[in-house]
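S.K.: Spelled out, the chains give:
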Amino acid sequence: MASGSIRVAETPFVSYLLRRADDALVLGHRLSEWCGHAPMMEEEMALANMGLDLIGQARALYGHAGAVEAAGHDEDDFAYLRDERGYRNLLLVEQRNGDFARTIVRQFLYAAFAEPYWRAMMASRDATLAAIAAKAEKEMTYHVRHCAEWIVRLGDGTAESRTRTIAALTDLWPFTGELFEVDEGDRAVIADGIGIDPETLRVPWRRTVAHVLAEAGLEVPKEGFMRNGGRIGRHSEHLGHLLAEMQYLQRSMPGENW
Amino acid sequence: MYTQALNAGPEAAERTIEDAAILARFQERIDAEERIEPNDFMPAAYRKTLIRQISQHAHSEIVGMLPEGNWITRAPSLRRKAALLAKVQDECGHGLYLYAAAETLGVSREELIDQLLSGKAKYSSIFNYPTLSWADIGAIGWLVDGAAIMNQIPLCRCSYGPYARAMIRVCKEESFHQRQGYEIMLALVRGSEAQREMAQDALNRWWWPCLMMFGPPDADSRHSEASTRWKIKRFSNDELRQKFVDATVPQARYLGLTIPDPDLRFNEETGHWDYGAIDWEEFRQVIAGNGPCNADRMAARRKAHEDGAWVREAACAHAAKSRVRAAA
Amino acid sequence: MAAAEIPLWEVFIRSRNGLSHKHVGSLHAPDATLALQAARDLYTRRGEGLSIWVVPSHAITASDPADKGMMFEPTASKIYRHPTFYEVPEEVGHM
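Chains A, B and C, in that order, give the protein sequences. Heads up: the first sequence begins at 1 in full-length UniProt numbering, then just goes up one per residue. Heads up: the second sequence begins at 1 in full-length UniProt numbering, then just goes up one per residue. Heads up: the third sequence begins at 1 in full-length UniProt numbering, then just goes up one per residue.
Hint data in this document are derived by calculation from the structure and do not stem from the laboratory. We put the CB at the ideal spot given by N, CA and C, even for glycine. One or more of the hints may lead you astray.
Not everything, but these chain B residues come out facing chain A in the computed CB check (under 10 angstroms) [claimed, not checked]: (1) THR73; (2) GLY95; (3) PRO130; (4) TRP134; (5) LYS303.
Please model the complete structure; the sequences and the hints are all you need to start from.
M.R.: And the structure:
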């Protein structure tokens with residue numbers, strides 16, 4: 001563990017919250033990397049808006065995780081003082097931006113899950129989580145809408161855009177299995193009525209994906225080997241670089257107020 | 001957010017033969033504080049001056065995303081990260097408002113972007129300086145946005161309606177930008193010795209370039225006479241610069257930071273702060289393309305534009321196909 | 001391929017129910033759906049609106065400022081269209 005890192009008492013509920021928070025932060029961070037470099041200035045605004053939604057969700061979830069853990073950790077402790085092995089996000093969201101097709105496909109595959117997930121979570125027995133869900137659900141509905149429009153345009157547009165979109169789908173598809181993964185701890189949180197079983201979202205997720213890809217004239221990739229490991233901190237090599245950049249100031253000048 | 005009186009336009013050189021009576025009537029409208037709207041008659045030189053100024057302003061917003069964007073992924077807290085992303089996003093929005101205002105004068109976005117990317121158009125000199133530490137993000141918000149606001153508030157009363165309306169929107173949205181920067185500086189000066197040094201170093205590097213943002217001294221500023229007569233410009237470069245210095249000195253004192261100008265002193269007689277000589281040779285070099293980051297900024301904008309070409313083409317191709325399908 | 005000219009759209013926003021849509025500015029988008037989304041992302045970042053219209057700029061037919069006299073001045077003399085033209089004794093009260 002790097003010096004200055006925090007040790008988190010990962011009860012099932014704390015882990016459950018950190019997993020969602022890390023998804024939102026890492027994906028929001030990825031979107032923020034586009035700032036100043038988007039393909040159209042109008043789209044610049046959209047990417048930043050989606051990034052801000054996700055960073056906002058992460059902050060709310062870290063705040064709640066801190067309260068549940070009750071060890072005095074705040075949102076920045078969780079974001080800046082955990083190493084790769086302590087991060088609990090999906091491998092999907094840490095994948096690099098690549099071209100615009102890849103960013104949009106990644107966002108779509110995640111949002112098509114997150115939208116029904118947060119809608120279901122509005123019924124969580126945990127009032128704070130239910131409130132976070134109510135806000136996130138609306139945000140993710142828009143992300144699905146916006147990304148779906150782009151996927152249709154990229155799939156239908158030109159031969160180049162179609163090729164790029166198919167490549168993105170093919171490469172990112174193996175990361176989608178992890179969306180539905182649960183472990184022992186998650187099951188306890190689900191049994192408590194705090195979390196929901198992601199298996200119940202498989203059908204709506206597939207329906208959204210199939211519908212949008214059909215409209216784009218694209219095929220749903222074949223089921224095959226699915227990657228996992230993000231939820232227990234076994235990441236791709238990309239996350240370490242993302243964190244090295246994101247955490248640089250907090251690590252090089254530890255303990256300061258900013 | 002950033003306008004700058006960069007250089008003289010060709011308006012004087014290119015005189016079109018316009019009826020003196022029509023020109024006089026136009027000037028009467030201006031003098032009566034009437035707003036000129038897109039389809040109204042306007043002298044060719046007025047149109048040209050506005051296109052140049054508004055598009056330079058728009059380019060500055062878009063290029064201005066890059067120095068601050070350089071720190072979004074390294075912002076030291078989530079609160080700062082969200083605020084900075086929202087601020088840089090605002091700058092893009094302001095660029096868009098301004099390009100739209102310029103387009104009402106009969107020039108297309110594509111032409112304007114082309115002028116920027118080919119190096120024909122200018123943008124504010126300030127964005128050719130690098131952001132080397134987190135404190136630079138504070139200094140930009142505090143000083144660069146502070147200078148920009150000085151420039152922009154009078155533009156809300158500019159004689160050209162679409163420009164004035166865009167500026168009203170920009171000024172309203174920008175009210176958080178300077179506060180955001182000052183708050184970053186406050187946190188640094190209240191922090192460790194290393195943080196205070198970081199803040200002072202940022203002020204040292206940004207102060208003089210910020211004074212240059214207002215453009216050349218009045219004595220050398222050609223053609224500002226026409227802009228003043230047309231009520232595009234309501235204060236001279238030196239007047240705005242002085243306002244900025246007067247407003248900023250007490251803010252720096254509050255932070256406990258030293259403005260890097262040994263000649264800075266309060267003039268009891270005028271009631272203003274006198275400041276030292278600005279290195280106009282540096283300004284000329286930066287405008288000529290020799291600033292520390294000119295090449296990087298242009299390369300980044302060109303890359304974004306070129307990398308995005310297939311996306312724009314795809315969207316247009318889909319739109320064309322959809323139209324055909326709808327007609328069938 | 002030549003750089004495609006992405007069409008210009010005019011954006012109108014209803015800031016709250018009960019008010020009419022008001023022109024707020026313009027933007028570029030390849031089609032109506034993306035124009036609507038871009039309008040949302042560009043013009044409603046601070047809760048400025050509850051409803052958006054986007055209209056292709058070329059679809060707008062504008063009056064010619066040169067026709068100002070013919071178009072708008074003839075109404076100036078029709079003062080009988082305004083309530084103050086009519087005299088009603090004060091004791092009748094507000095009408």
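S.K.: For every hint, state whether the structure bears it out.
M.R.: Hints, one by one, checked against the model:
no., hint, result
1, THR73, "holds, 5 angstroms"
2, GLY95, "holds, 6 angstroms"
3, PRO130, "violated, 15 angstroms"
4, TRP134, "holds, 6 angstroms"
5, LYS303, "holds, 7 angstroms"
Violated hints amount to a single one, hint 3; each of the other numbered hints is respected by the structure.
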